[in-house]
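Enquirer: Going down the list, the protein sequences come from chains F and G.
The opening residue of the first sequence carries number 52 in my numbering; numbering runs sequentially from there.
The opening residue of the second sequence carries number 147 in my numbering; numbering runs sequentially from there.
Simulated from the structure, these hints should not be mistaken for laboratory data.
Note that the Cβ used here is the ideal one computed from N, Cα and C, for glycine as well.
Treat the hints with care, since some could be wrong.
[To be verified] Taking CB as the label site, the calculated pair distances span:
no. : chain 1 : residue 1 : chain 2 : residue 2 : range
1   : G       : Ala369    : F       : Gln346    : 39 to 45 angstroms
2   : F       : Asp127    : G       : Gln264    : 33 to 39 angstroms
3   : F       : Gln177    : G       : Gln264    : 35 to 41 angstroms
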Amino acid sequence: MSEPAVTEPAVVAFASRWARAVTGSSYVPMELPETEAYLTALAGQLLAAWRTEPFDAAAGFQVGAAMVDRHFTNPDTISKTLAMVSEALNPAQLIDPAAVTRIGALQGALAAGYATRLQERTLAEQDAIRIAATTARSEAEMAARASDARFRAVFAGAAIGIGLGDTNGNILDANPALIKMLGYSVPEMRVRNVGDFMHPDDALKVWALYEELIRGERESFQTAKQFLRSDGRGVWTHLTVSLIRDTDGAPEYQIAVVEDVTDLHRLQSQLQYQAHHDELTGLANRALFQRQLDQLITDPGKSGRIGVCLMDLDGFKAINDSVGHAIGDQVLVEIASRLDGALSHEGHLVARLGGDEFVILIENTTGAQDVISVAERALEAVERPITIASRAYSVTASAGLVERAATAADTADLIRAADITLYWAKADGKGRWALFDPERSDREVAQYTLARMLPAALANDEFRLHYQPLVNLADGLPSGVEALLRWEHPRFGHLLPGRFIGAAEETGIIVPLGRWVLETACQQGAKWALRFADPLRISVNIAIRQLADRQLIDGIKQMLDENGLAPQQLQLELTERAVIGTDSEPLAVLRQLAHLGVRIAIDDFGTGYSNMTYLRRLPVCELKLAGSFISEASPNGERRSVDAEIVGSLVSLAHTLGMTVTAEEVETEEQADALRELGCDTGQGNYFGASAPAEEVQRLMDKHLPHVADL
Amino acid sequence: MLHRLMRHQGAAAGRWTCRDGIALGVTCATSTSMTAQMIGDRPPEGGKLTRPSWAPDEIDLDRPSAARVYDYYLGGFHNFPADRQMAQEAIRMWPELPLMMGANRAFLRRAVRFAVAQGITQFLDIGSGIPTVGNSHEIARQADPSSRVAYVDIDPVAVVHSRAILAGDTMTTVLQADLRDTRSIVGDRSVRDLVDFDKPVAILLVAILHFIADADDPKAMIARLREAVVPGSLLVMSHASQDGQPELAKGHQELYARTPTPMTMRSLDQIRDLFTGFDLVDPGVVPIQQWRPETHSEVTDKSKRMVGFAGVGVKSGTA
Chain F
52 MSEPAVTEPA VVAFASRWAR AVTGSSYVPM ELPETEAYLT ALAGQLLAAW RTEPFDAAAG
112 FQVGAAMVDR HFTNPDTISK TLAMVSEALN PAQLIDPAAV TRIGALQGAL AAGYATRLQE
172 RTLAEQDAIR IAATTARSEA EMAARASDAR FRAVFAGAAI GIGLGDTNGN ILDANPALIK
232 MLGYSVPEMR VRNVGDFMHP DDALKVWALY EELIRGERES FQTAKQFLRS DGRGVWTHLT
292 VSLIRDTDGA PEYQIAVVED VTDLHRLQSQ LQYQAHHDEL TGLANRALFQ RQLDQLITDP
352 GKSGRIGVCL MDLDGFKAIN DSVGHAIGDQ VLVEIASRLD GALSHEGHLV ARLGGDEFVI
412 LIENTTGAQD VISVAERALE AVERPITIAS RAYSVTASAG LVERAATAAD TADLIRAADI
472 TLYWAKADGK GRWALFDPER SDREVAQYTL ARMLPAALAN DEFRLHYQPL VNLADGLPSG
532 VEALLRWEHP RFGHLLPGRF IGAAEETGII VPLGRWVLET ACQQGAKWAL RFADPLRISV
592 NIAIRQLADR QLIDGIKQML DENGLAPQQL QLELTERAVI GTDSEPLAVL RQLAHLGVRI
652 AIDDFGTGYS NMTYLRRLPV CELKLAGSFI SEASPNGERR SVDAEIVGSL VSLAHTLGMT
712 VTAEEVETEE QADALRELGC DTGQGNYFGA SAPAEEVQRL MDKHLPHVAD L
Chain G
147 MLHRLMRHQG AAAGRWTCRD GIALGVTCAT STSMTAQMIG DRPPEGGKLT RPSWAPDEID
207 LDRPSAARVY DYYLGGFHNF PADRQMAQEA IRMWPELPLM MGANRAFLRR AVRFAVAQGI
267 TQFLDIGSGI PTVGNSHEIA RQADPSSRVA YVDIDPVAVV HSRAILAGDT MTTVLQADLR
327 DTRSIVGDRS VRDLVDFDKP VAILLVAILH FIADADDPKA MIARLREAVV PGSLLVMSHA
387 SQDGQPELAK GHQELYARTP TPMTMRSLDQ IRDLFTGFDL VDPGVVPIQQ WRPETHSEVT
447 DKSKRMVGFA GVGVKSGTA
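Build out the structure end to end from the sequences listed, making use of the hints.
Expert: Structure (structure tokens):
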């Protein structure tokens, strides 16, 4: 555009009016003064053309084009411009034909220039935007293809299974990994519904989660899930299902990402199996039994009762010892297999607790009879001879049975009860079952409790020795005392040995306890040896178990030495039952003791079934006749005379064998006289003095025996 | 199928474009302003699936584009029938729309000139749309030929067109990005190659922030942009408001109620709050056409009905 040729005030005024008229109808990126300056130049061109001779309307064309160049493109702008041109050039509205023609020509040229340039601009901008759109679209499509290819590659190449479904559960697509995992083709998948992949073992909550997801209440969930392949095999997976929403947030699709963890699951199952099964027999192990039992107690069957049959093979150690563990293991395997075969199909859990101990857990019992019938079949299965390497082995088992309401049961308590009962069965002669008896158990529990307290009692010095005089029947003077053990229990009070000796023997505490008794008795014997002119014999009870104590002989020697006692002053009392039938080893110990000079007495003689000839082989110095003979032996009445004869025979026989005889539980003078007449050497009993603490006994003996100090 | 799924979301976003385009015509000065919200690609939240950024939108010319609709308002021809149809419908409801667009464009022009006068020759024009007439780089270069402008828009067609126009122009760059993802803007290599962030930058957010919902925290967005620039940098902002135009409020609400992502009109105080961390230059935050008008006549009777405020702030601290 050329510089404005005309700047006269009229032109400026026209341009100013023109600018105001067109401002606002088109957006022009200029401020108003700039717009006015631009339009002033255009107005000058128009005016110059109007005035120039010969007249040429071409300037109008240029002005029209220049307006479009500066973006005066609104249709409103051109109509206003044409009106203003007419008004400016012909302010007087002359009807001069020449002027009108020129104005018309200028307006026409302006309109033509405007239209031409607008058309050019329109087409150019339309072209530009179309090219831009096409380019953008093709770029987007290329990107989409690349993206599609990338997605496809991810989908197709993923090692993990991916499936897509709609919210009705229709499966829309599945990737090759999923196809391979489940064994269905894509078309086969597409006719299936997510629900078709329900597995009976699915946790209930899986499908609850799925429903929540489909309803849009959760975005995703993860779970372990088993799928059934087309070939019927199971596939264990780790499944993640995610919800995809549409743009309004409504659930639209679901994506399942499925990882095959079958191998891992198998390994886990195997580990779990191993953790819960016995390696040797394949039976359930203690852990599984315990778990099942816990579970049953929490959630019992419809009867609400459960039973336990605890079994232990009788004398299995002998098999292991005699033919070796390899055979022993085969015996266990065979027994496990028989028990399993006989009972598992009935729904009972057969477990091996370890060693030769088995247990059968019986659900839904209605009474003891259910457990007894299981136990009988189990024992019978065990007792059939077992042939291994063409050799037959006979095994029996004992069983402890418990049957009770599950709600009343406590796992530990139930097992303890079965254990106690098993012990009863063993004690009652083995090869049998015993049914739990709560009363018997209570009694035993009390004893068991005492047994548990024994070690502490020994440490706490709760034991005392009482002494009972042994009196020479010939002259009526004390010849010795029997030391008797008492337990001053802090809670139960004064306990006699009958309450706790059995337990002490079973638990082995008898050995240190027995040593304490010997030690204490010897010390007391030493004191009395210093006090009384004639030596008093100290008679001490010892248990068979003590004979197995390797330190017994040395211990006794040491005690005698330390206390300055002659061995003959010490007498050891053993029960008839303990001595008779003893193995060679304790017998050797007895011989050594006898050799030492210590006297050996048989306590409670006559209650057992020993025969006198056997006694000859033992280094026994004395027989103590059981109290039952004595009460009957007083010579009144027929029966008594028979007993008296027996006692007389025993005494003469004992004397023949070089033994002395002591009569226990002598209550009356009559008895004492009778026994003296029958030849009995010594008497013991309330008639001569009850058992009492050392000081009391000493006071009694002080009356009869001369003191050392008196000599 | 997976990809079809993703694409589906993109296509759905296109439907939003259409409705937004009509409704938001009032102040849709930029295309970013609309498309930023329309796209389904929301910032990740609560583990919901989002479309990955490398999954592109579909380009559907039968759907209006905010950038092209804006071009139409300004008298341009960079548009298609769908754009024109939508724009005409909007103008029927709101006859002053072209005028309002012009006012925003005029504010942009004045603000850019102001920036250059302050010695700032680097511009980050976010939501630049289709460079119809009076673009930032033209205005800036009139004042200082060394000016550099980084254009940012989310509309792929607008970006391609801008690149075509600016091909070979080493003083400009065009980036396709979402305003809400400020890191992708200030961290873009082409932007950093052009703009020296060790020197002041003018950030142009002209008529865009009213399309950012409160949930997207526009203040934090601005704070992140502020962090990227040195003190002395400018924030140039215009924002739609219904303050002082209560009679228009009902109409606005009806207009926007039809859109799934309504425009967030903010009060003068709220708009001023968006300048936190910037010192406002005179005359502060004022009606758009009253921000440093170059002639008194620019404020016409018609433009009194303008609904929006504008302002320029300087990042505080020593440059």
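Enquirer: So, for every hint listed, does it hold in this structure?
Expert: Status of each hint after checking the structure:
1. Distance hint check for Ala369 (chain G) and Gln346 (chain F): the Cβ-Cβ separation is about 59 angstroms, which falls outside the suggested range of 39 to 45 angstroms.
2. The hint said 33 to 39 angstroms for the Cβ distance between Asp127 (chain F) and Gln264 (chain G), and at roughly 37 angstroms that hint holds.
3. Between Gln177 (chain F) and Gln264 (chain G), the C-beta spacing of about 39 angstroms keeps the proposed range 35 to 41 angstroms intact.
The structure shown violates just one earlier hint, number 1.
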